[in-house]
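These protein sequences, in sequence, are chains U and S. Per this note's numbering, the very first residue in the first sequence carries number 1; after that it's consecutive. Per this note's numbering, the very first residue in the second sequence carries number 1; after that it's consecutive.
Rather than coming from a laboratory, the hints here were simulated on the basis of the structure. Beta carbons are placed, not taken as given, at the ideal position from N, Cα and C, and that holds for glycine. Hints may be right or wrong, so weigh each one.
Taking beta-carbon pairs under 8 Å as the criterion, some of the chain U residues facing chain S (in silico) [said to hold, decoys possible]: (1) L53; (2) Q55; (3) Y74; (4) T84; (5) P86; (6) E91; (7) T96; (8) V102; (9) G105; (10) R130.
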Amino acid sequence: MDEPPLLEVQGLGVRVENLTLLDGVTFQVARGSVHLVVGANGAGKSTLLAALLGQVAFTGSVQRHWQKSGKVAYVPQAFAVDSTLPVTALELLALTRQRLPVCFGVRAATRQRSTALLDRVGLTALADRRLSALSGGELRRVLFANAIDPEPELLLLDEPGAGMDADSLRHLDQEILDLRARAGTTVVMVSHDAEQARRLGDAVTLLERGRARTGPPAEMLAARGASGAAAS
Amino acid sequence: MDALYAWLAELAKRGSLPKVFEYPFITRGILAVLLIAPLLGGISHLVVARRMAFFSTALGQAALTGLTVGLVLGEPISAPYGGIGGFCLLSGVAMVWVKRRSRLPPDTLIGVFLALTLGLGICLLVAATRRFNIHQIESVMFGSLLTVTDLDLLLLLVGVVVWVVLARFYNALLLDSLHRPLARVAGVDDTLLEYLFVVLLTCAIVVSLKVIGALLVEALVVVPAAAGRNLARSTRGYLAWSVTAALISGVAGMFVSTLWSVPTGGAVVLCLAALFFVTVAVGAATGRGASTER
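Chain S extracted, bound-state conformation (with noise of 0.2 Å):
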C-alpha cells in the first residue's frame, strides 16, 4: 500500500492530482469511502425496503456497547473489531429471534433491546475509560480519518463478499420485503433470509465503523435509501440513486471533515440529510421517485 501511497503523492505533487493526495491518511480515506459508499449505499435500499431503519439504529448503538465490552476485554483500539462484530451479531440476531416469538410490534423489542445496549454500554465506557483517553474511544464513535489503517482498508473487502451474498439472495429478499405469504409460496426460506440478512447488514456496519463512527453509521444505511425513492421509478433506479447518494456524500463529506477539522462520520452524515433535501426539492418538482404516479 506504502507504494501507491508514495506514486499519488508524487502525482500530488505534480499537480497531476489534488494537493490533498500528498498525505496517505487522505488517500486512504478516500478509498475507505469509495469502499463504504457502494457497499452501505447499496444495502440501505433493503434495510428501507424491509423497514428496517431503527433496527439499524439500534445496531449502530451495539457497535458502542461491542466497542466497549471489546475495550474492558483487552482489544486493541486500534482494532476493535472482535468486540463490535461479536456484540452486534449477537444483538442483531438475538432480536431477529425474539421478534420471530413475539407478538409485540417489531419497534417496541427493538427499543427494547436498544435501552439495553445502551445501558450495558455506558456502564462499560467507565470501565474503558480507565484505560483509553475518550477522544481516542470519540473517534470510533464519531469516526475520523486519522485512524483508518490499511488493516481497515483490507476488512472493507468483507463488504464485496456482503454484496456477492446480497445479490445472490437479493430477488428473495425482494419479494419477501413486498409479501411475506407470497415468497414462501415461491419456496423462499424466509428465516434463512432474515438472519442471513441481518448477518450481512452487520458485517457491513462493522467495516465501515472507523470511517464513519458507531454513532452515525446508521444514517449511511438508512438516508441513502430515502434520497433515491425520492428520484427513483424501479428498482433498478432505486439501487442507483442510493449508491451514488452514498458516494457523493461520502467523499463530500471527507473533504469536507479534512477542510474543517470536524468528525469524518458528522460531515459525511451531514452531506448526506443535505442531499436528501435536494432530492425531496428535485422528486416534487419533477414528479419522480415517492410521488404517486396514475
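Excised from the complex, chain U in its bound form (with noise of 0.2 Å):
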C-alpha cells in the first residue's frame, strides 16, 4: 500500500477584507519530499505557508499525516530585526534551547550546541554578533541553524536563499538534502530562484493569481515561463 502524503491541502481559500489571495489550492505534499512553491510576486506563497502554519485563517483544509516527531520548522522570509536591541546569534537559538533566561547567560551545554549549528551554517565566527550587525543572508543561515535542530518532520522554508551568495546558496541546497537523506525531513520551500527548483525539488507547486498547480519541477517551471511571457 502506497505511503500517505504527509500533508493533504484540500480547497483551500484565504480571504483578507475583500481580497481573495488563494482561492480552492489543492495538493499534496510526498513524504520525505522537497516541494517548491513558486510564482510571481503576490502570488500568495508566502500566504500559503502562513496557512499550512496554521497562522491565518482560512477555508478548506490541511490534514497532516505523521509518522514521526511531528515538529514543524520554520524559516521566514521576513525577520526585521529592532537595529538597537542588542539580541546576539548564539542568544536567538539558546531562547529555544535552555530555560535559564537568556538574559542571565547561555549556559555551556547550550552554548556548545549552537556554535555546533552555527559552524553547520559556516557562522561560527559570527555567534557573538547582534543580530542587526548580520547581513540578510547570514540572518537567514542563522535562522535555518534554528530550524534544523531539533531535526523537524516538516520544514517550512520562505525563499531562503533570498540575499545569499553562490557559495552559500550552495551549502543551503546541500544542507536541505543532508537534513533529508538523515531525518527523513519533508521541505515546503518557497523560491523565486528557478534554477534551485530544478536542482532540489521533487515537485513544484505554482501558484498564479492565487490558484494552484502542482507537478514535476520541468514542467511546472516551464508552464510558469510561459505564463510569465505571456503576461509580458
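Hey, can you piece these two chains together into the complex? The hints should help.
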C-alpha cells in the first residue's frame, strides 16, 4: 500500500477583507520530498506557508499525516530586527534551547550545541555578533540553523536563499538534502530561483493569481515561464 | 521593621552610616528604591523590546485615574492600591483585547485609551478633592518618600513574584518580541504571553507608585532600557545595564529629593534622564550598544 503524503491540502482559500489571496488551492506533499512553491510576487506563496502553519484563517482543509515527531520548523522570509536590540546570534539560538533566561547568560551545553549549529551554516565566527549587525543572507543562515535542530518532520522555508551569495546557496542546498537524507524531513520551500527549484525540487506547486497547479519541476517551471511571457 | 530602623539609626549616630539613616523614612525610601530599581529596570528592557513604551505611559495615566476612582469609592489615601491596581489592570487588559481585534495601529488605540482614562481621571479628581487635600493627592501623583509606609515596602515584595514569573517566561517573551510567527512555531502561546506581560507590568507599576508617582512611573519602565541599549552588546548586558541605570538613578534621585526637598519621582527621573545622556555619549565614544557593528 502506498505511503500517505505528509501534507494534504484541499480547497484551501484565504481572504483578507474583500481580497482573495488564495482560492481552492489543492495539492499534496509527498513524505520525505522537497516540494517547491513558485509564483510571481503577490501570488500568495507566503500566505500559503502561513496557512500551512495555521497562522492565518483559511477555508478548506490541511491534513498532516505525522509518522515521527510531528515537529514543524520554519524559516521566515522577513526577519526585521530592531537595530538597537542587542540580541546575538548565539542568544537567538539559545532562546529555545535552554530554560535559563538568556538574560542571565547562555549555559555551556547550550553554547556548545548552538555553536555546532552555527558551524553547520558556516557562521561560527559570528556567534556573538548582534542580529542587527548580520547581513540578510547571514541572518537567514542563522534562522536555518535554528530550524534544523531538533530535526523537524516538516520544514517550511520562505525564500531561504534570498540575499545569499552562490557559495552560501550551494551550502544551503546541501544542508537541505543532508537533512532529508538523515532525518527524512519533508521540505516545503518558497523560492524565486528556478535553478534552485530544478536542482532540489521533487515537485513544484505553481501559484498564479491565488490558484495552484502541481507537477514535476520541469513542467511547472516551463508553465511558469510561458505564463510569465504571456503576461509580458 | 522598627527594630531595623532603630539599629540603622544607632549605626548612623555612631558614624558607621551616613547621618540620613537616623530618619526611618529615609531608610524606608532606600529599601523601596533597592526593591523598585531591579523590578522596573529589569522589566523595562522587555517593555522596550516589545515596543510597549507608549502602552506604559497609558498605564501610568490609568494609575492616576485609578487613584481618583479608589478615593471616590472611599479608599484611604495612604493605601489606594485597590483603585489603582484594579483600574490599571482593567485598562491594560482592555487595551490588549482591543488591539488584538482591531486593524488600527497600536499607538492609535493606546491614544484613544489615554484620552479616555485622562478625561475620566480629571472629572473624578474634582470629586476626590472634596474629600482630600490636593497636596495629599499630589504626593501619589509625583511620588514622595514621606508617604512610604511599611505596608508599601511589603507590597514591593510582589516584585519578587513578578521577577520569578518573568524569568520563567523570559525566553518566550523575547522570542515573541523578535518574531511572532517564529515564536508560534516554537510553541509559544502569544495570547497568553501578551496578557501575562500586561498583568506583570501593571503589578510592577502599581507597587512602585508611592515612591515614584503615578505620572512618572512610566519613565522608569522605559528610560533604564533606553540607557542600557546605548551600552549593551548582548541580552545579558542589556539587563545588567538597565538594572544598573535604575539603581544608580533611584539612589541618586532619593538623595537629591531629600537634600533639596523636591518630589522623589521627579528627582529620580531627572537623574535617570541625565544618566541616559551620559550613556549616549559613552556609547558613541566607545562604539558600543545601539551603534551598529559590522
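To see whether the hints hold, each was checked on the structure:
Contact between U/L53 and chain S, as hinted, is supported at the beta carbon level, the nearest pair being about 6 Å apart and thus within 8 Å. Nearest Cβ of chain S to the Cβ of U/Q55: about 6 Å, under the 8 Å cut. The hint holds. Among the interface hints, the one on U/Y74 holds; its C-beta lies about 4 Å from the nearest C-beta in chain S, closer than the 8 Å criterion. About 4 Å separates the beta-carbon of U/T84 from the nearest beta-carbon of chain S, less than 8 Å, and the hint is met.
The interface hint given for U/P86 is met, as the beta carbon of that residue sits about 4 Å from the closest beta carbon of chain S, less than 8 Å. Among the interface hints, the one on U/E91 holds; its C-beta lies about 5 Å from the nearest C-beta in chain S, closer than the 8 Å criterion. About 5 Å separates the beta-carbon of U/T96 from the nearest beta-carbon of chain S, less than 8 Å, and the hint is met. Interface restraint check: U/V102 against chain S, minimum CB-CB distance 5 Å, threshold 8 Å, status holds.
Because the closest C-beta pair between U/G105 and chain S is about 5 Å apart, less than 8 Å, the hint holds. Satisfaction of the interface hint for U/R130 is found here, the shortest Cβ-Cβ separation to chain S being roughly 7 Å, below the 8 Å cut-off.
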